[in-house]
Amino acid sequence: MKKYGFIISSEWKNSLAYRGDTWLTAIFSVFAVVLAYLLWSAVFGGADTLNGFTLQQMTTYYLLAGMLAPLTQSDGLLQDFAVEIRGGGYAKYLVKPLSPLGYFLAASLARALLPLLASITVLSIARFGFADAFAVIHLVDILQALPLIMLGSLFSMLTGHIIAMTTFTLTDVEFIYVLQNVIKAFLSGAVIPLNMVFGDSLPLLSPFSYLTYYPVLLCLGKTEIPPLTAACVLTGWVLAALALCLVLQKQAPRRFEGVGL
Amino acid sequence: MTSQAVHTMKVIATLAKLQLSTAMMYRVSFWGAFLVDLTVFSIQLLFFSVLAQNDGIGDWSIFHLTVFTGAFIALDGLYMGTYFFGVIALPDKIRTGSLDFALVKPVNTLLYTSFAHVNPGSLALFAAGLGIAAFGGAGLGVLSAGNGLRFLIVLFFMYLLMYALMVCLRTASFWLTRVNAFQQMENALVEFSFRLPAPAIQGGWKLLLYVLLPYGLMANMPAHALFSPFDLQEWLLCIGVTAFFLGLAHYLWHLGLKRYDSASS
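Residue numbers (my numbering), protein chains in the order written: chain S, 1 to 261; chain V, 1 to 265.
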């Protein structure tokens, strides 16, 4: 585990080199909340509630979804990994006592930390600066959502790794990377609360429902599904994704046509 | 248009033909940008259809929102198919000094670098956007040759405006090493273009999103051109804002070039 701790530390230091960029990115995430507020204000008109949400809860929904985004959306690591597979750099994982999957997960975690901290800080300032525009969130609800958020983040990292590994089959995975982020954002409820799209037939067995929609509803104290049920569903998906990742990793040396090998 | 600009456009047309032949060899990548954008906008249409079930947005129904989304899809297809990939490559060219290769050619450097990476696959999106806007217009009963022509003219102005805004942001590369944050800002602002219809932009937000950061104009103006009486004030807004930002892009580009340290200097 020590070597993975070192990877986390090294990636963290690397991300600190561009901290200005990270903070500016977090500041711009406020735009998404402003957009949501303007749009939903017009949709609500004078109505008190819409599909079970008040305007304050709806704005808070997008605020929390923005905070979770660094954990659920794949960053450039997936592309870096794909470039290494394509360019021959993947060989470094084959000659070192290091699991490529372990490296990918450790580096993903480290790379998500600074954007996560920056986004939480900036959006929290926005939350307290414009308190009237947002609903009240209780600490106990946030604590209840935390294990699910971590499981969801792990699932996102594993799916990112699976996509990176498709580089062994497809040369260019750039558009798959973008496409999966777009589809994931929709299926996870980051674009629109899932109950507004699916109504009563909410996809409860879909892992994506638990990446943004469910944890945010937990924080808002609005969900009717017990957290344990949600955790069981998500754990099942994490184990399935992990198994697939391990199979792909085992096949990788045979499929890899590395530079100099 | 100067003779150099005409010459540049001929060079770009030849490059585009060559790129089309090359791109067809990698068909999955060729349709990649098209598929991604089609998915984004399908989700957006679904989003608006959900909102329309709740009495729409202000006085806009699902058909107004369809024209709005169609207008942005057409605009997106047009700029993704022509200058998008060329303009987003500018910061790297400036940083690494590879802009030298364009500067030594007897062409207009900005036009050449902007249009040197066409993506013909995205142009299909332009046709799809026009079809979607026409469907919305038919639903509103406003489809006519006059309205259609006005829609296309205003869309062309927005195409130029988007170009000017993209270039303005990228010229920051002449002064800064890393401009990722500006690109993030742009991504966030472009969301205002296709997610925020006119009824949601009120009061002081109009000044901000129609004039100072005119991303709010991109789909709203062509949509208005199709289904509402497009008065002189709206024409002046379109032409004035586009002309101002084109002038600003031209000025910043030339100012930046004076500061440019080529790879060999």
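For the record, the hints were derived by calculation from the structure and aren't laboratory data.
Among the hints, erroneous ones may be present.
[Unchecked claim] Some but not every residue of chain V turned toward chain S, in silico, with C-beta under 8 Å:
#1 G58
#2 G139
#3 A188
[Unchecked claim] One side only, chain V facing chain S, incomplete, derived with CB under 7 Å:
#4 V50
#5 W175
#6 R178
The structure displayed is predicted, hence computed values, not measured ones.
Positions of the beta carbon are idealized from the N, C-alpha and C atoms, including for glycine.
Against the structure, the hints come out as follows:
For the restraint placing V/G58 at the interface with chain S, the shortest Cβ-Cβ distance is roughly 5 Å, inside the 8 Å limit, so the hint holds. The beta carbon of V/G139 comes no nearer than 20 Å to any beta carbon in chain S, farther than 8 Å, and the hint placing it at the interface is violated. Here the hint on V/A188 is kept, as its CB sits about 4 Å from the closest CB of chain S, short of 8 Å. This hint holds: V/V50 has a C-beta 5 Å from the nearest C-beta of chain S, less than the 7 Å allowed.
Among the interface hints, the one on V/W175 is violated; its C-beta lies about 14 Å from the nearest C-beta in chain S, farther than the 7 Å criterion. Annotation: V/R178 was flagged as interfacial toward chain S, and the flag holds, the nearest CB pair being 6 Å apart, inside 7 Å.
The structure is inconsistent with the numbered hints 2 and 5, although it conforms to all the rest.
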